[in-house]
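> Construct the entire structure; sequences and hints are all you get.
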Amino acid sequence: MGKGPLITRSELRKRKEEEERLAEKEFKVEKKAADKEYQRKEKEIAKFYRKEQQKQKPITKSRSGEQTKIRERSSTLNKAIIIIAILLAVVAYIVLNL
Numbered sequence: 001m002g003k004g005p006l007i008t009r010s011e012l013r014k015r016k017e018e019e020e021r022l023a024e025k026e027f028k029v030e031k032k033a034a035d036k037e038y039q040r041k042e043k044e045i046a047k048f049y050r051k052e053q054q055k056q057k058p059i060t061k062s063r064s065g066e067q068t069k070i071r072e073r074s075s076t077l078n079k080a081i082i083i084i085a086i087l088l089a090v091v092a093y094i095v096l097n098l
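In full-length UniProt numbering, the protein residues as written are 1 to 98.
These are computed hints drawn from the structure, not numbers from a lab.
Since we're looking at a predicted model, the values are computed, not measured.
Take these hints with a grain of salt, some might be off.
Said to hold, decoys possible - For lysine to any residue, the following SDA-like pairs were computed, each having C-alpha atoms within a straight-line distance of at most 20 Å: (1) Lys-69 with Ala-80; (2) Lys-28 with Tyr-38; (3) Lys-36 with Lys-47; (4) Lys-25 with Arg-13; (5) Lys-32 with Lys-43; (6) Lys-79 with Thr-68; (7) Lys-28 with Glu-17; (8) Lys-16 with Lys-32; (9) Lys-16 with Leu-6; (10) Lys-79 with Arg-63; (11) Lys-57 with Ala-46; (12) Lys-61 with Arg-71; (13) Lys-31 with Arg-13; (14) Lys-14 with Glu-24; (15) Lys-14 with Glu-26; (16) Lys-47 with Lys-57; (17) Lys-36 with Glu-24; (18) Lys-32 with Glu-44; (19) Lys-28 with Glu-18; (20) Lys-55 with Ile-45; (21) Lys-51 with Gln-39; (22) Lys-28 with Gln-39; (23) Lys-16 with Glu-26; (24) Lys-31 with Lys-41; (25) Lys-25 with Glu-37; (26) Lys-79 with Gln-67.
Next up, the structure:
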């Protein structure tokens, strides 16, 4: 009369374990994809703000400091020009008097 159960308890347990394993695997895949997307967004945001920071460099120069450098350079160049002019005059004097 009774042919027995259509599905045994062990079969039910195996199916349940298989479903849990598949659900866990699917969860891991979804989590990995979500983490990847999150990392991409974080990188994009960091890149944007890094560019903003690079555009706004701190001011390290001042007008007075730059003017001082220009004056020093100018005086050095003027001294060099005067020395070369004197040397040229000496060479011209020596060449023309020989």
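> Please list, smallest to largest, the hint numbers that this structure does not respect.
When the structure is compared with the hints, numbers 8, 10, 13 turn out to be violated.
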